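S.K.: Listed below are the residues making up each chain.
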Amino acid sequence: MSLSRAKARKRQRMYIIGAVLLAVAGAAALILTAFEDSVVFFFSPTEIVEKSPIDPDQRLRIGGLVVEGSVAKLEDGKTIAFVVTDMAQSVPIAYSGILPDLFREGQGVVAEGHMNGNGTFVASEVLAKHDENYMPPEVAESLKKSGHWEEIEQKNAEQMRN
Amino acid sequence: MHRFAKPSVFLKLTDPLLPWLAGATAILIATGLYFALFASPLDYQQGDTVRIMYLHVPAAWMGLFCYVGMAICGAMSLIWKHPLADICARATAPIGATFTALCLITGSLWGEPMWGTWWVWDARLTSMLILLFLYLGYIALVNAFDDPERGSKAGSALALVGAINVPIVKFSVDWWNTLHQPASIVRMDGPSVDPSMQLPLALMILGFTCYYFVLLILRVRLELNERRIRALQLSGMFDERSDQEAEKANSYDAGHNAEASQ
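If you're matching them up, the sequences are chains B and X in order.
Everything in the first sequence is counted per the numbering used here, starting at 13 for the first residue and increasing by one.
Everything in the second sequence is counted per the numbering used here, starting at 523 for the first residue and increasing by one.
So that you can see chain B by itself, here it is in the shape it has in the complex:
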């Protein structure tokens, strides 16, 4: 008699714990979906274009791949201009400051700043985004030779969009 009652109590505790966990997981899922815009670290060029015109006072981050051949130094000698893309939309960025070592064309970057009136993103900080691929230089070289490198860049650009 007492044996089955002890068993029933354990089962009851198990159900309560399961129910509480489900409820907490549901609450967490709701909260995280509701605040999605603040959980994401940056917006893609596509999202920026969709949201524009953006208030110049609003600080935000934009992430994308630096377009090949787009990096240029402006006449004032300290501002660097480049374009970031997610392969769907592109946004020009102007930045004067120190660039991270990993900054290069074809590389993912995240810039923090604001949009000015004529559609250029004025960055106050630029961070490099590393992708999930780790390989020795020889492997990178052979990937570039065999033409698979573009696939990786394409994928990286698409990841910026989600």
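Honestly, the hints are just simulated from the structure, not real lab data.
These figures come from a predicted structure and were not determined experimentally.
All C-beta atoms, glycine included, are put in the ideal place defined by N, C-alpha and C.
One thing to keep in mind: the hints can contain errors.
To be verified - Below, in silico cross-link-like pairs of lysine to any residue (SDA-like), each with a Cα-Cα straight-line distance of 20 Å or less:
no., chain 1, residue 1, chain 2, residue 2
1, B, Lys156, X, Pro563
2, X, Lys534, X, Arg743
3, B, Lys157, X, Ser714
4, X, Lys692, B, Leu42
5, X, Lys692, X, Thr648
6, B, Lys85, B, Lys63
7, X, Lys692, B, Leu114
8, B, Lys22, X, Gln568
9, B, Lys167, X, Ala623
10, X, Lys692, B, Leu33
11, X, Lys692, B, Gly38
12, X, Lys692, X, Thr628
13, X, Lys692, X, Arg743
14, B, Lys167, X, Ile686
15, B, Lys85, B, Ser108
16, B, Lys63, B, Leu42
17, B, Lys167, X, Leu682
18, X, Lys675, B, Lys85
19, X, Lys675, B, Ile29
20, B, Lys22, X, Glu671
21, X, Lys692, X, Pro713
22, B, Lys19, X, Arg743
23, X, Lys692, X, Gly673
24, B, Lys156, B, Leu114
25, B, Lys156, X, Thr648
26, X, Lys675, B, Lys157
27, B, Lys156, X, Asp716
28, B, Lys167, X, Phe693
29, B, Lys22, X, Leu682
30, B, Lys22, X, Lys528
31, X, Lys692, X, Val736
Stated by the list, open to error - In silico contact screen, one side only, chain X against chain B (beta carbon under 8 Å); selected entries:
no., residue
32, Asp565
33, Leu586
34, Trp602
35, Gly638
36, Thr639
37, Trp640
38, Trp641
39, Asp644
40, Ala645
Given chain B's structure and the hints, the job is docking chain X onto it.
M.R.: Only chain X this time, still in chain B's reference frame:
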């Protein structure tokens, strides 16, 4: 399963295991470090900085692994009232907290030269920091009560609720865009780490996992011995100690699993 929850059975099973685990830990970490620091190639754009990964990824894995273990032990201690499960959870918390801190520190050291910043508040970094706070909260909570049983109840509840954070840490890089790169090892299309870099990584992950079990066994043993000393002191058995094995086992098990073994 309840059979294994007896302290004397735990000691009998883990005693012969311990030297093997300790040996495996030493060999795995030594060879892992050799490969990680000397015999593995440079990364095409990170150069030598890639070697931080061989500490960072295993530490992150252990941070999550220990937390899952702690939450399961917490559930077992809440449902079946196994004192051994509670001891295991308490023993795991500081180990997991240390691995999580190691993961955050090595990540920060990698982030400065690669990203250009020590820290950002993106979903992966923030959820990992919350994991560390969950560990610290658990440690503080289980020790906050005069009655250890109330402490373990509150701690187990916290550990279980906090387990929601584990999938958030793992999938944060897929659900939201983050500065942290997406998963490189456990992902749909296989690892995106070059095979020459996978060996040191695998050795270090296995080594860290064995190291955790060595620490766990030592810490649980210590706690069991402390409890035994306390019980012996209370019963005044210290002066007329008997060496018989049966009695030794009895004193370990006394009061344990009173409910679970019904």
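S.K.: Against the structure, test the hints numbered earlier, and report the numbers of the ones violated in rising order.
M.R.: 6, 7, 8, 9, 13, 14, 16, 17, 18, 22, 23, 25, 26, 31, 33, 37 and 38
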